[in-house]
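Going down the list, the protein sequences come from chains F and Z.
Residue numbers for the first sequence follow our numbering, so the first one is 1077 and each next one is one higher.
Residue numbers for the second sequence follow our numbering, so the first one is 1077 and each next one is one higher.
None of these hints come from the bench; they were simulated from the model.
Incorrect hints may have been included.
It does not matter which identical chain is meant; a pair holds if it fits inside one copy or across any two.
Below are the EDC-like pairs computed for lysine to aspartate or glutamate, each with C-alpha atoms no more than 20 Å apart in a straight line [to be verified]:
#1 Lys1453 - Asp1156
#2 Lys1295 - Asp1467
#3 Lys1319 - Glu1519
#4 Lys1446 - Glu1157
#5 Lys1312 - Glu1179
#6 Lys1175 - Asp1196
#7 Lys1376 - Glu1238
#8 Lys1241 - Asp1308
#9 Lys1531 - Asp1196
#10 Lys1376 - Asp1339
#11 Lys1174 - Asp1196
#12 Lys1446 - Glu1148
#13 Lys1174 - Asp1194
#14 Lys1175 - Asp1318
#15 Lys1453 - Asp1307
#16 Lys1175 - Glu1346
#17 Lys1372 - Asp1339
#18 Lys1376 - Asp1231
#19 Lys1446 - Glu1161
Below are the chains, spelled out letter by letter.
There are 2 protein chains.
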Amino acid sequence: MVGSVDVLAHDSSINGTMKQWPEDFSSMTIMRDHVTLTIGENGIGNGVVQNGTENGERKIVLGRNIHTTCLEVTEPDIDDEVTGEREAYMAGVLAKYKKSLTERTNYHLGYPYNLNFDYDALSQLQHFSINNLGDPFIESNYGVHSRQFEVGVLDWFARLWELEKDEYWGYITNCGTEGNLHGILVGREVFPDGILYASQESHYSVFKAARMYRMECVKINTLWSGEIDCDDFKAKLLCHKDKPAIVNVNIGTTVKGAVDDLDLVIKKLEEAGFSQDRFYIHCDGALFGLMLPFVKRAPKISFKKPIGSVSVSGHKFVGCPMPCGVQITRLEHVNALSRNVEYLASRDATIMGSRNGHAPIFLWYSLNMKGYRGFQKEVQKCLRNAHYFKDRLVDAGIGAMLNELSSTVVFERPHDEGFVHKWQLACQGNVAHVVVMPNVTIEKLDDFLNELVQKRAVWFRDGNCQPYCIASDVGQENCLCALHR
Amino acid sequence: MVGSVDVLAHDSSINGTMKQWPEDFSSMTIMRDHVTLTIGENGIGNGVVQNGTENGERKIVLGRNIHTTCLEVTEPDIDDEVTGEREAYMAGVLAKYKKSLTERTNYHLGYPYNLNFDYDALSQLQHFSINNLGDPFIESNYGVHSRQFEVGVLDWFARLWELEKDEYWGYITNCGTEGNLHGILVGREVFPDGILYASQESHYSVFKAARMYRMECVKINTLWSGEIDCDDFKAKLLCHKDKPAIVNVNIGTTVKGAVDDLDLVIKKLEEAGFSQDRFYIHCDGALFGLMLPFVKRAPKISFKKPIGSVSVSGHKFVGCPMPCGVQITRLEHVNALSRNVEYLASRDATIMGSRNGHAPIFLWYSLNMKGYRGFQKEVQKCLRNAHYFKDRLVDAGIGAMLNELSSTVVFERPHDEGFVHKWQLACQGNVAHVVVMPNVTIEKLDDFLNELVQKRAVWFRDGNCQPYCIASDVGQENCLCALHR
Chain F
1077 MVGSVDVLAH
1087 DSSINGTMKQ
1097 WPEDFSSMTI
1107 MRDHVTLTIG
1117 ENGIGNGVVQ
1127 NGTENGERKI
1137 VLGRNIHTTC
1147 LEVTEPDIDD
1157 EVTGEREAYM
1167 AGVLAKYKKS
1177 LTERTNYHLG
1187 YPYNLNFDYD
1197 ALSQLQHFSI
1207 NNLGDPFIES
1217 NYGVHSRQFE
1227 VGVLDWFARL
1237 WELEKDEYWG
1247 YITNCGTEGN
1257 LHGILVGREV
1267 FPDGILYASQ
1277 ESHYSVFKAA
1287 RMYRMECVKI
1297 NTLWSGEIDC
1307 DDFKAKLLCH
1317 KDKPAIVNVN
1327 IGTTVKGAVD
1337 DLDLVIKKLE
1347 EAGFSQDRFY
1357 IHCDGALFGL
1367 MLPFVKRAPK
1377 ISFKKPIGSV
1387 SVSGHKFVGC
1397 PMPCGVQITR
1407 LEHVNALSRN
1417 VEYLASRDAT
1427 IMGSRNGHAP
1437 IFLWYSLNMK
1447 GYRGFQKEVQ
1457 KCLRNAHYFK
1467 DRLVDAGIGA
1477 MLNELSSTVV
1487 FERPHDEGFV
1497 HKWQLACQGN
1507 VAHVVVMPNV
1517 TIEKLDDFLN
1527 ELVQKRAVWF
1537 RDGNCQPYCI
1547 ASDVGQENCL
1557 CALHR
Chain Z
1077 MVGSVDVLAH
1087 DSSINGTMKQ
1097 WPEDFSSMTI
1107 MRDHVTLTIG
1117 ENGIGNGVVQ
1127 NGTENGERKI
1137 VLGRNIHTTC
1147 LEVTEPDIDD
1157 EVTGEREAYM
1167 AGVLAKYKKS
1177 LTERTNYHLG
1187 YPYNLNFDYD
1197 ALSQLQHFSI
1207 NNLGDPFIES
1217 NYGVHSRQFE
1227 VGVLDWFARL
1237 WELEKDEYWG
1247 YITNCGTEGN
1257 LHGILVGREV
1267 FPDGILYASQ
1277 ESHYSVFKAA
1287 RMYRMECVKI
1297 NTLWSGEIDC
1307 DDFKAKLLCH
1317 KDKPAIVNVN
1327 IGTTVKGAVD
1337 DLDLVIKKLE
1347 EAGFSQDRFY
1357 IHCDGALFGL
1367 MLPFVKRAPK
1377 ISFKKPIGSV
1387 SVSGHKFVGC
1397 PMPCGVQITR
1407 LEHVNALSRN
1417 VEYLASRDAT
1427 IMGSRNGHAP
1437 IFLWYSLNMK
1447 GYRGFQKEVQ
1457 KCLRNAHYFK
1467 DRLVDAGIGA
1477 MLNELSSTVV
1487 FERPHDEGFV
1497 HKWQLACQGN
1507 VAHVVVMPNV
1517 TIEKLDDFLN
1527 ELVQKRAVWF
1537 RDGNCQPYCI
1547 ASDVGQENCL
1557 CALHR
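With the rest of the complex left out, here is chain F:
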C-alpha cells in the first residue's frame, strides 16, 4: 500500500467530451510527482508503485521518468579517436550487456517469444539501411528495400489463411499492436459508425485503438477459460442493432491463451440479425495465428469465412531479433484506407509509412528453413511440453489451467516478486503464466518447477501465508487453494 501520494482523477474536461471511450479510461486514476521507489507487499522495486484497490486487484499507477537504469551518452574526448579509449569503453559496455542478455534469455518463461533462432546468415545485411516505405506491392523510388522478401512472406500467410493471391493485401508490421491498430482501422473505415466489440480479455491494444480512433467500444464478458462469452456477445449486439459491428476475435488471449470460437461469433452475429455487409471481424492472432493451423481439431482461421483481417506477430512463434508482425486483409477493404502520396511514388495504406526492411528477411528466412512441416513439429512439441508442465504443477499441488488449444499454462501467482522477476513471468491478479515456446525445454520447465516447489515450502512454512485462490480466474476445478483443493 502506498501512502501520501496525490491521486488525481483523470482530467474531467477529457471525460466530458470523450464518452465513447471504454469505461475503464474514465475511472482511471493518475498519480504523479510524489511517487517514490516504494516496494509494496508484492511490489517490484523498479519505479512501478502498486496501489491497492477496492477489489484487492493490484493496479499500476503512473510513476515518473525514473532513471533506474541509464547508460548515459557522453561526449567523446578530442583525442579519443587516436587513443582508442572510447572504442574500448564501448566494447566493455557491450560485452557486459551481452552477458546480461544471455543470462536473461536463459531465464525466460513468461512471454510468448521464441528466443531460439539463428540468423547468422543475415548479419551481413546489417550494413544497409533497408526501408520498405509505404505499400509493399508498389515500389517507391527508394531502392534499398526488401519488398521481394516481404511479398513472399505475405503470400505464404495469405495461403495459410486461405485468401487468394489477387484478393489479399497486407504488410509486415512492427508488432502485434500495429496489426490490431490496422485491422480495427480498416474496420472503422469500412463502417465509420460501427461499434467495436471485444472481450474483456483482449489485448490492451484493442482498447487503445478504440480510444485513438474515437470509436464506441463494448466490452464482452469472458468465460473462466478466457474465451469470449458468446451469449453476452449476442445480448449486447441486440442492444445496438442500429449500428454495424466491428468485432475483435482473439486467436489466443494474452493471459490465458484462450481461443475465441470464431464460428460461434459469426453464428451469434447472424442470430442477432447482422448480415455480412454489416459486420467486420478482425482476428488478433498474435501468437496462435501461426500455431492453430497446425493443431488437429482446432477451429480454422480462414478468409473463406466472413472475416476482414488477421494479424500475427513475427517475433513470437517464429522468433525474430526485434518485434514484427504480419497483417493480412482483403484488398477490397484496404482501398477505404488508402491515400495518394506522390512524394513516395506510393499510396500509403500502412500505419507507419517507413518500415523496417530487415524484419521481412528474418521471417522469409525462417519460413524457408522450417516450412510447414517444421512449424508443425514445433507446435506439437510446445503443446506436449505444456501438458507435461501443467500436469507436474497439479501433481505438486499447485492450481493450474491449460486451455485445450494452447501452450500457455496459467497457475497460482508466486508470492515472491524476485522469483517472478528472475523467471520473467507475466502476472495478472492472482495468476501468473508460462508460455511454452519452442525454446522452452522439459529441462527448463523442471528447473523452474523444482525451484517453485522449494520456494513455496518457504513461503507457506509458518502458515502466515496461503496459496492464492485462483477460482475466480480459472474456475474452481483448477484451483488448489485451501478452500478448493
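Start from chain F and add chain Z according to the hints.
Quick look at chain Z alone, frame taken from chain F:
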C-alpha cells in the same frame, strides 16, 4: 494519361459521416481491378499508374497487389537438412541481394537517409530478441530489453532540446511517422476538441493522424520556400477562436526542407488571442530536428518555448539499419495518454507497445561515438556540399533552390523516369530533390550532375521537349525555364 480504367469515387457513406477529414480525402479517386502496368508520359513501370488531373499534377492511383518482385517461400525437401541444398540456395539468394543493396546504396540521393554507418560492434546482439515493452522508464518483467540505452539516448535529446530530466517523457519510436502520430495524439488528449493546423507541405503522416484520430484539420498555405504562411495561419486561427489549437510545426518539410518559423507561429497564436493553455505545438523534426541545433543563426527548438513535443527520425541524419525515431514530450502531457496495464507491469503511453530494442542501441552507439562535435562537423559538411551542388546546378542552367537552413536541394524534375529511378530521386509535381546527407560526397554530386547534364542534352536536343517550369514550386527567381531564365 490512363485509358479504360474504373475510377470510383470514394465510398460516399464514408464521406457522409467523416466531414472532419482533410478535404483531399473526400475528393480522392480510387481505381482498381483493371490496372495494368501502364507506363504513362512520366510513368514508372512498377505497378504505379499515373493519372492526369485538372491542374496537370501527377496522381498515383491504387494498383492492386501486383507481384512484380517476389521471392517465394517454398517448402523444404525432407532431405534438405542432410544435403544442405536449402542452405546453399538461401546463401545464393542472399549474396545476390547483398550485391543489389550495395549498388542501390551507391546510387542514392533522393531520400534523407544517412547510409554511412558502421555498427559492426553491435552485430553480436542480433542473436537476442530485444524488446522494450511499454514505457521506457518503468521496467516490465521481460528482461531482454535495452531500456538503459534507450533512456541514455532520450536524456541526450531532452538536453539538446532543453527540457529537464525530470520534466520530460519520451521513447524510441519505429519511425518519424510514429513520432507525429504520438505528438498529435498527445495534443488531442490534452485538447479533445482542438483543431489540428498544419501547412499543406507537412508530411503526409500529419494528415493521416487527423484522419485516424477523427480530428478537425485545417490546412495552411505555404510560401514558395515551403514555409508555413503565418498570415494565412493567423487568419484561419481567427475563424476558429472557440476551439483550442493543435499545431504541427515543420522543422524541415519533406520536399523542400523548409523550416517553419516557430517563434512567428507562437507570436501569431498570441496575436489571435490563444493563451498558452489553449494551444499545443508538435514539432515534426524528422530530419532537421537533429541538424538545426548545430546550424549557426538557426531558430532554436527548445522546450523553454511553449511547445508540447518534438520528434526526430533516427535513421535519417544519424543513420541506422532500420527506421526509428525519438519522441520527446512533456511529462505532464503524457499522463493524459497513459493507461494501466497490469499484464506488462507497465503503463503504456506509447503507440506500439512492443518496441524494437536494437534501435536504441544503434542510436546510443552513434551518439557516443560522434558526440555533439561530430554531428556539428557533419552538419557543416552537408550544408557546404548542398551549397556547392546548388551552385553547380544553376551554373549548368538548371533551375534550383536551396533553403537557407537546409541541405535539401530542389530542382527541375528530370524527364526520364529511368534516371530518376537510378538515382532514387524523390519527385513531386515538376520538381525533384537531392538531400545531401553525410554519405553524399562532392564526387557523388559531380557524377550525378555530369550525368544529368548529358541526359538533358539528349532530352532537349530537338526542341520537342522543354525543361519544366518550376516557378510555381520554388518561385520565379529560382526557375530557369524558357520563360523565366
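**OP:** Return the numbers of the hints above that this structure violates; sort them in rising order.
**Re:** Hints 2, 3, 5, 8, 9, 14, 15, 16 not satisfied by this model.
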